[in-house]
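Input sequences plus hints: build the corresponding full structure.
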Amino acid sequence: MKSYKNIFFQIIIILLCILFFGFLINNLIINLIRTDLGFNFSWLLKPSSFALAEHVLPYSPSDSYAWALLIGWLNSLKVIFISLFLSTILGTIIGLSSAGNNILLKITSAFYVTIIRQTPLLLQLMFWYFVGFLGLKNNFIYFSNILKINNQGIEFFGLTLTSEFSALIIGLSVFTSAFIAEVIRGGIISVPKGQWESFRSLGLSERNGLLRVIMPQALPAIIPGLTSQYLNLAKNSTLAIAIGYSDIYAINDTIINQTGRAIECFIILLLTFLILNLLITNLMETINKFINKKKIYLS
Amino acid sequence: MNTIIKVKNISKSYSKGLLALDKVSLKVNQGKVLVIMGPSGSGKSTLIRTFNGLETFDTGEIDILGIKINSNYNERRIQKIRKRVGMVFQQFNLFPHLSILDNITLAPLNVQKRSRVDAEEFGMYLLQKMGISMHAEKYPSQLSGGEQQRVAIARALALKPELLLFDEPTSALDPERINEVLDVMRKLAQEGMTMVVVTHEINFAKDVSDQILFMDSGKVIETSTPDIFFSNAKHERSRKFLNQLDK
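Protein chains in written order, with this note's numbering: chain E, 1 to 299; chain S, 1 to 247.
Source of the hints: derived by calculation from the structure; they are not laboratory data.
The structure displayed is predicted, hence computed values, not measured ones.
None of the hints are false.
Footprint (simulated), chain E over chain S, 3 or more residues, beta carbon under 8 Å:
{"id": "1", "segment": "73 to 83"}
{"id": "2", "segment": "107 to 118"}
Where chain S lies over chain E, by a calculated footprint (3+ residues, C-beta under 8 Å):
{"id": "3", "segment": "191 to 197"}
{"id": "4", "segment": "208 to 221"}
A virtual CB, placed ideally from N, CA and C, is assigned to each residue, including glycine.
See the structure below:
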């Protein structure tokens with residue numbers, strides 16, 4: 001009797017789901033017909049006729065929308081991978097300090113993590129851009145031709161980074177580093193205390209013990225948490241639009257305004273992020289498998 | 001005769017004012033075995049862990065192999081002591097991610113900067129001596145408790161220490177595995193290794209020790225030779241403890 005009841009409810013739920021999505025799709029089709037927009041991607045090849053401040057590859061307003069989107073994607077990738085790298089380094093340093101013995105370092109890192117984690121990223125990006133960079137004087141830091149930091153951005157050995165790009169990198173890295181620090185700290189304290197006593201009693205230095213005894217055992221606990229922070233970082237990079245950096249989301253937004261092709265643009269955006277995040281997940285899975293392969297000891 | 005350990009009046013209190021160590025003094029000469037006994041919570045583990053700086057103390061002074069440490073934590077001196085003193089723990093504390101041989105060669109390679117060939121050769125010699133050389137390539141989790149503890153002893157011996165500390169080395173073992181570890185410890189004592197052993201094993205204490213130190217609530221109640229301690233303990237408290245152990 002009971003199993004019949006179960007099946008009955010499951011069928012009801014499935015029907016409701018189909019009804020709901022059917023309603024949404026129907027709504028979409030009706031509206032597409034009503035606005036006479038249709039659903040196609042031929043507009044991708046038309047000239048974009050808007051300028052981009054930053055482009056890795058050559059770009060001019062006469063280039064196609066598709067090319068503009070690719071430029072946007074590359075701009076996003078640039079920000080994501082540089083922030084990923086910086087936030088990992090920063091997060092590791094802070095995570096290690098908060099798991100260590102030094103009271104001053106512990107308090108400082110706890111303070112850092114608290115402040116950064118509990119304020120919105122959007123606010124932090126605004127801070128780095130409007131207060132951090134645009135608020136700077138013309139010659140805030142100036143070491144002849146080596147390092148210049150001013151309201152135009154950062155110039156380092158002739159390599160120029162715009163203020164939007166710099167603010168975004170700093171904002172994302174700092175924000176993500178606080179979360180990574182907690183992941184690292186959690187991984188380290190998951191290693192039994194006896195392991196610390198053990199390597200210490202053998203005369204190993206703290207640095208050596210951390211590197212050869214603690215970290216290898218902490219990594220299996222760290223990697224999954226790290227992966228989700230990296231995915232968050234990639235998605236958070238779309239907030240670039242708030243400070244006028246032309247990432248994929250910002251360019252998508254412009255294109256929607258120009259062409260009205262919201263559905264197509266959102267599908268493109270969805271797919272690009274899906275691909276990127278699948279890439280990150282797979283990469284981390286590979287690293288995880290490599291670490292776990294050496295972990296015969298848990299069998 | 002050389003004095004290896006000289007402890008002068010060390011005390012340690014926990015934040016609640018509870019005394020973990022209460023004016024403890026002791027002396028261990030070269031080649032001697034000191035057994036520390038006492039009920040749980042009597043401070044015997046705390047005491048043995050102060051000898052290589054795993055535990056700090058508030059007052060008094062310890063002299064290990066001529067290196068003096070006091071309440072001011074001196075990283076450099078403690079590091080010096082740790083390179084010359086081996087320690088074996090109740091829970092073995094082997095490194096689970098390293099093979100048995102790598103467990104043993106880790107410190108020689110990184111602390112003494114010995115060559116790999118050299119360190120592995122000595123490591124294999126130690127494993128042979130412990131009767132477990134066939135497990136060299138295995139991982140700790142693949143070994144029984146008794147075998148793991150013998151690896152831990154080999155690891156402690158890898159730096160050729162002048163003093164070995166044992167913190168309840170058989171308390172986490174199955175009863176039938178205890179003797180294989182005690183036998184190894186007996187052999188080491190016969191070879192003239194200076195040892196401090198926290199243990200509840202009466203027979204081991206009777207046979208091997210040169211001196212028994214009985215502690216209760218952070219205080220040294222009595223220090224006697226095993227003959228006197230087990231047949232005719234000086235203190236009421238010691239006799240009570242021994243009676244309970246017998247039961």
